[in-house]
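Trainee: This is what each chain is made of:
Number of protein chains: 2
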Amino acid sequence: EEVAKLLELKAKLGGDDGKHQFVLKTAKGTRDYNPKQMAIREKVFNTVVACFKRHGAETIDTPVFELKETLTGKYGEDSKLIYDLKDQGGELLSLRYDLTVPFARYLAMNKITNIKRYHIAKVYRRDNPSMTRGRYREFYQCDFDIAGQYDAMIPDAECLKIVHEILSELELGDFRIKVNDRRILDGMFAACGVPDDKFRTICSTVDKLDKMSWEDVKNEMVNEKGLSEQAADLIGEFVSMQGGRDLAERLLQNPRLSQNKLACSGLSDVKLLFSYLELFQVTDKVVFDLSLARGLDYYTGLIYEAVLTQAGLSGDTLNGAEDSVSVGSVAGGGRYDGLVGMFDPKGRKVPCVGVSFGIERIFTIMEQKAESSADKVRTTEVQVLVASAQKNLLEERLKLVTDLWKAGIKAEVMYKKNPKLLSQLQHCEESGIPLVAILGEQELKDGVVKLRVVATREEVDFSRADLIREIRRRTSEA
Amino acid sequence: EEVAKLLELKAKLGGDDGKHQFVLKTAKGTRDYNPKQMAIREKVFNTVVACFKRHGAETIDTPVFELKETLTGKYGEDSKLIYDLKDQGGELLSLRYDLTVPFARYLAMNKITNIKRYHIAKVYRRDNPSMTRGRYREFYQCDFDIAGQYDAMIPDAECLKIVHEILSELELGDFRIKVNDRRILDGMFAACGVPDDKFRTICSTVDKLDKMSWEDVKNEMVNEKGLSEQAADLIGEFVSMQGGRDLAERLLQNPRLSQNKLACSGLSDVKLLFSYLELFQVTDKVVFDLSLARGLDYYTGLIYEAVLTQAGLSGDTLNGAEDSVSVGSVAGGGRYDGLVGMFDPKGRKVPCVGVSFGIERIFTIMEQKAESSADKVRTTEVQVLVASAQKNLLEERLKLVTDLWKAGIKAEVMYKKNPKLLSQLQHCEESGIPLVAILGEQELKDGVVKLRVVATREEVDFSRADLIREIRRRTSEA
Numbered sequence: 001e002e003v004a005k006l007l008e009l010k011a012k013l014g015g016d017d018g019k020h021q022f023v024l025k026t027a028k029g030t031r032d033y034n035p036k037q038m039a040i041r042e043k044v045f046n047t048v049v050a051c052f053k054r055h056g057a058e059t060i061d062t063p064v065f066e067l068k069e070t071l072t073g074k075y076g077e078d079s080k081l082i083y084d085l086k087d088q089g090g091e092l093l094s095l096r097y098d099l100t101v102p103f104a105r106y107l108a109m110n111k112i113t114n115i116k117r118y119h120i121a122k123v124y125r126r127d128n129p130s131m132t133r134g135r136y137r138e139f140y141q142c143d144f145d146i147a148g149q150y151d152a153m154i155p156d157a158e159c160l161k162i163v164h165e166i167l168s169e170l171e172l173g174d175f176r177i178k179v180n181d182r183r184i185l186d187g188m189f190a191a192c193g194v195p196d197d198k199f200r201t202i203c204s205t206v207d208k209l210d211k212m213s214w215e216d217v218k219n220e221m222v223n224e225k226g227l228s229e230q231a232a233d234l235i236g237e238f239v240s241m242q243g244g245r246d247l248a249e250r251l252l253q254n255p256r257l258s259q260n261k262l263a264c265s266g267l268s269d270v271k272l273l274f275s276y277l278e279l280f281q282v283t284d285k286v287v288f289d290l291s292l293a294r295g296l297d298y299y300t301g302l303i304y305e306a307v308l309t310q311a312g313l314s315g316d317t318l319n320g321a322e323d324s325v326s327v328g329s330v331a332g333g334g335r336y337d338g339l340v341g342m343f344d345p346k347g348r349k350v351p352c353v354g355v356s357f358g359i360e361r362i363f364t365i366m367e368q369k370a371e372s373s374a375d376k377v378r379t380t381e382v383q384v385l386v387a388s389a390q391k392n393l394l395e396e397r398l399k400l401v402t403d404l405w406k407a408g409i410k411a412e413v414m415y416k417k418n419p420k421l422l423s424q425l426q427h428c429e430e431s432g433i434p435l436v437a438i439l440g441e442q443e444l445k446d447g448v449v450k451l452r453v454v455a456t457r458e459e460v461d462f463s464r465a466d467l468i469r470e471i472r473r474r475t476s477e478a
Numbered sequence: 001e002e003v004a005k006l007l008e009l010k011a012k013l014g015g016d017d018g019k020h021q022f023v024l025k026t027a028k029g030t031r032d033y034n035p036k037q038m039a040i041r042e043k044v045f046n047t048v049v050a051c052f053k054r055h056g057a058e059t060i061d062t063p064v065f066e067l068k069e070t071l072t073g074k075y076g077e078d079s080k081l082i083y084d085l086k087d088q089g090g091e092l093l094s095l096r097y098d099l100t101v102p103f104a105r106y107l108a109m110n111k112i113t114n115i116k117r118y119h120i121a122k123v124y125r126r127d128n129p130s131m132t133r134g135r136y137r138e139f140y141q142c143d144f145d146i147a148g149q150y151d152a153m154i155p156d157a158e159c160l161k162i163v164h165e166i167l168s169e170l171e172l173g174d175f176r177i178k179v180n181d182r183r184i185l186d187g188m189f190a191a192c193g194v195p196d197d198k199f200r201t202i203c204s205t206v207d208k209l210d211k212m213s214w215e216d217v218k219n220e221m222v223n224e225k226g227l228s229e230q231a232a233d234l235i236g237e238f239v240s241m242q243g244g245r246d247l248a249e250r251l252l253q254n255p256r257l258s259q260n261k262l263a264c265s266g267l268s269d270v271k272l273l274f275s276y277l278e279l280f281q282v283t284d285k286v287v288f289d290l291s292l293a294r295g296l297d298y299y300t301g302l303i304y305e306a307v308l309t310q311a312g313l314s315g316d317t318l319n320g321a322e323d324s325v326s327v328g329s330v331a332g333g334g335r336y337d338g339l340v341g342m343f344d345p346k347g348r349k350v351p352c353v354g355v356s357f358g359i360e361r362i363f364t365i366m367e368q369k370a371e372s373s374a375d376k377v378r379t380t381e382v383q384v385l386v387a388s389a390q391k392n393l394l395e396e397r398l399k400l401v402t403d404l405w406k407a408g409i410k411a412e413v414m415y416k417k418n419p420k421l422l423s424q425l426q427h428c429e430e431s432g433i434p435l436v437a438i439l440g441e442q443e444l445k446d447g448v449v450k451l452r453v454v455a456t457r458e459e460v461d462f463s464r465a466d467l468i469r470e471i472r473r474r475t476s477e478a
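Just so you know, the protein sequences line up as chains A and B, in that order.
Quick note on numbering: the first sequence equals residues 1 to 478 in the working numbering.
Quick note on numbering: the second sequence equals residues 1 to 478 in the working numbering.
Worth double-checking, as some hints may not be accurate.
With a cut-off of at most 30 Å between alpha-carbon atoms, the simulated DSSO-like pairs for lysine-lysine come out as follows [to be verified]:
#	chain 1	residue 1	chain 2	residue 2
1	B	36	A	68
2	A	111	A	346
3	B	261	A	417
4	B	53	A	410
5	A	68	B	25
6	B	111	A	36
7	B	25	A	349
8	A	122	B	410
9	A	410	B	43
Worth flagging that the hints you see were computed from the coordinates, not collected in a lab.
Go ahead and model the full structure; you've got the sequences and the hints to work with.
Mentor: Here it is in structure tokens:
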């Protein structure tokens, strides 16, 4: 026996046969979803999809990989995070980085000029994410986009309405939706004396304001990016401004900004946006925030980002400029009027606006909520277990469960010839099955089935004809 | 104008600037799903998932890529079809080839010894598929598996019951489920005098019987694989046999097979299986067919495959041995008791049985059915369009649609300030929206909304309070 133990230990250590010890894990930055996580994921998706459908969206799907060149030149510096496939003799392929670029490719390829669609799928980024905070290399995005030549700010406002509805319905705690406009940012940079060729790089420094203090941001602008201190200070004044429609009106009077055409059209649109948001009854959560920049290259107009403001979850960043702890962005988007044109041979533009939900982070919050809740998460929907009280009743159990399935009832039998009644009842307790249909010699003789309510242990005999009706009645009232 | 045309032509041809002409396409062997295809896909998934849930399954999800070594040595010759990711400095990764190997890895990694789970996700094979027949390089699989140490053939029979239920409910036409057993195949090869080391290769030749005539199969066995003509002829006799429980009983008396222990245990199990299938009421479609081989290495016991037998679709293969044209396999599976053990450091086995639906082919059939049907496939679920009959009513439309959304009604407005009533009604016709809530000066004055039924053009005024109730009533009865 001693020898057997040693041999087992040797096997554990990989042995001396020089064989490679197999690593049992998922790829870095990815995870499996277990049944409990899937039950939560299904609940979140149901809420999200119901909202998208309520707003009249269709859905499409695209392949997980695209031609490499489809993704080239769309993501700026982030391009280095794209997963490429190995060249196995054929096309050069990359895993999709988001759902927006494949959507634009789809529109151009099919010459679609207007559509309202949602797309829920996984995207891939070779990042070094913090998985404890719900960030992964493979993660879901839930996108809603409106493409088409429409009147200003109407579809844009609906996107914000959708963010408001979904975040409210998921009950994730309080949130805020920041909005800004690329044209306002660019106009502001011009007005502050930033040279044209530095707009993008200064913009990406401004984008760090939710993670860095103003001092550090200014330092990066001046010392790393060579901006004059005076220009940086002017930017600093603007990016500390937050407000609503009133702020847009005030800035339209601002001597610096009002000189800039781009800024003015952005500000007028923000004003118009707020008038629609009032009709949509969502202004309570929306803030016009001049520090919002967003990294992606393709935005051309309105941009927005939703952040949870409750300190319920381990805080991601402490945003000094705000009065509450931000737990990170859960949705973001904006207008990208030029992206589809990049795919069209003739450069024909299709104006688009959309929003993307960072749903993994929402899953993480929902999982934590479920953990701390007293209610157990069920991972199946089984309504009744068909059980037997004596031996040799497998055939009768299989016959009865067949009848139940035929009636559309969610039912199980245990895959043993002679399971003990106790272990059958235990299975019900563990997986939350509310009812047991018990067969025994006596029940078979009497032509009845004993229906047991797991929670109360109440037992009543029913004829076969009544059984199905009774199961339906008892499980629909729950 | 002539010049403009020429310039356009030049642009089409890519111009003379030497710039690379962008290729606007999806990767080879992949496709987008448009909204109509998605509507059909959703319907199919709903049927499949409802069945899986009715049978008490949980669901899991795994990443789209695995460590390369996780997939190594699981697929035999098919391994060459695996997509590898580029080595970008990190782990070596491959796209999943099926859902079964990731499932086994998941069980071993989490030390799970029993679970009933389904998994619906895309898998990847660098094949040269016929896309017109619904075969792609990226395609969905819908898998249902039962892992655990249970009594013989009970979970196996439930898998076949599920195939029967799903194919019946999808109304794809007549089908047949062929069953066989790896142990019977191996026993048969031994009994026919096939050398041990040729079992696998002869088995993969037998697997071609649904695409090749017996003469060609025999030819490959004898001339390519060096089998004796006598052995091949003996195999030929067996693989022409089809039947039910009676055939299993007859073969148990067969002087050659009854000498082989493996064959006998397989045959006894097939006998037992049919007794359960009778209780499940599915024997009408199940055939014990000794020519069924199935390619994958990991099967250890019962194997099965469902084929549609109606010549409704462009026939994939003309199976000479059968009386009807086969349109190809739509589901397949079997028992794989050794796979999980390959991932366990101590080699602990977890017996598994499962089935995988080749759902792309089912989509293709459903799409063809939808095309030829008179009913238009709706791609949204919008119940009512909020429209206006006069100009300058955008604000009123936005207010009303906000009320409807709040009440959970699926509603749209057109994103124009002043859309024409005709174009609003046209939009309803095109996308199948049944109701229009029309606002005009008069309605606003009277505090009512005109509800129009698109199909009948009937119009009735309702107070705001009654409107929501009326929309619900009219759309629930549909």
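Trainee: It remains to establish, for every hint, whether it holds in the given structure.
Mentor: Hint-by-hint comparison with the structure:
1. Our distance criterion of 30 Å between C-alpha atoms is met by residue 36 of chain B and residue 68 of chain A, whose separation comes to about 27 Å.
2. Among the hinted pairs, residue 111 of chain A with residue 346 of chain A is consistent with the structure: their alpha-carbon atoms are about 11 Å apart, no more than 30 Å.
3. At most 30 Å may separate the alpha-carbon atoms for a hinted pair to count; residue 261 of chain B and residue 417 of chain A meet this at roughly 24 Å.
4. Restraint check: the Cα-Cα separation between residue 53 of chain B and residue 410 of chain A comes to about 7 Å, which is no more than 30 Å; the hinted pair holds.
5. Restraint check for residue 68 of chain A and residue 25 of chain B: satisfied, since their Cα atoms lie roughly 11 Å apart, inside the 30 Å limit.
6. Proposed proximity of residue 111 of chain B and residue 36 of chain A is supported: the alpha carbons are some 16 Å apart, at most 30 Å.
7. Taken as a hint, the residue 25 of chain B and residue 349 of chain A pair is honoured in the structure, with Cα atoms around 18 Å apart against an allowance of 30 Å.
8. Pair hint residue 122 of chain A plus residue 410 of chain B holds up; C-alpha atoms about 27 Å apart against a cutoff of 30 Å.
9. A C-alpha spacing of about 19 Å is found between residue 410 of chain A and residue 43 of chain B, which places the hinted pair at or below 30 Å, so the restraint holds.
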